[in-house]
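Peer 1: Its first residue numbered 463, the sequence shown is counted upward by one per residue in my numbering.
Derived by calculation from the structure, the hints in this document are not laboratory data. Treat the hints with care, as some may be off.
Here are the computed distance ranges between Cβ atoms for each label pair [claimed, not checked]:
#, residue 1, residue 2, range
1, 463, 509, 37 to 45 Å
2, 515, 537, 33 to 41 Å
3, 549, 573, 35 to 43 Å
4, 514, 572, 14 to 22 Å
5, 466, 578, 40 to 48 Å
6, 467, 589, 37 to 45 Å
7, 506, 538, 40 to 48 Å
8, 509, 465, 38 to 46 Å
9, 608, 512, 29 to 37 Å
10, 580, 512, 17 to 25 Å
11, 583, 538, 43 to 51 Å
12, 574, 604, 32 to 40 Å
13, 607, 563, 24 to 32 Å
14, 493, 583, 16 to 24 Å
Glycine included, each C-beta is placed from N, C-alpha and C at the ideal position.
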Amino acid sequence: MTLTQLAAWLMLSSGGLFAGGILVVAVERTNLWRRMPVEQYAVDFRRSLARVDPMLPILGALTAVGALLFALNSGGRPATLTWVAVALLGVIIVSSLIVAEPINARFRRLPEGQAPERADRLRVVWRRFHYGRTLLGLAAFGCIVGAVA
Numbered sequence: 463m464t465l466t467q468l469a470a471w472l473m474l475s476s477g478g479l480f481a482g483g484i485l486v487v488a489v490e491r492t493n494l495w496r497r498m499p500v501e502q503y504a505v506d507f508r509r510s511l512a513r514v515d516p517m518l519p520i521l522g523a524l525t526a527v528g529a530l531l532f533a534l535n536s537g538g539r540p541a542t543l544t545w546v547a548v549a550l551l552g553v554i555i556v557s558s559l560i561v562a563e564p565i566n567a568r569f570r571r572l573p574e575g576q577a578p579e580r581a582d583r584l585r586v587v588w589r590r591f592h593y594g595r596t597l598l599g600l601a602a603f604g605c606i607v608g609a610v611a
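Take the sequences, apply the hints, and build the full model.
Peer 2: Below you can see the structure in the form of structure tokens.
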């Protein structure tokens, strides 16, 4: 297996799991969270973070590494599409650290069942941000698939 093939496998497998994971959160969890009372939302959001927060950043980073290796070892349209994917993944990672992680930390720091101040507003900001992040993630995965097709 060549480095380019290994990179393609890494970016496709981890990228599919990453895009699927953020899509499931966007479609299933945010819909439920929107309708929950704040106290119930605080518990459910915190529990979901405990499971999803370690996994999705790792998958996003693995996708970016695979895409970077693929872009560096290919040319033409595949390289261009993969560089676009790398840029989109970079935007997702940096913006998640700037926007989502401070919100996540506010929920994580408190005991379970306790909601941070202005939890209703944090819920709206996080949901809207996640929808944007999901669109970027799906676009990045589309570029990755297009690069190897």
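Peer 1: Just pull the numbers of the violated hints for me, sorted ascending.
Peer 2: none
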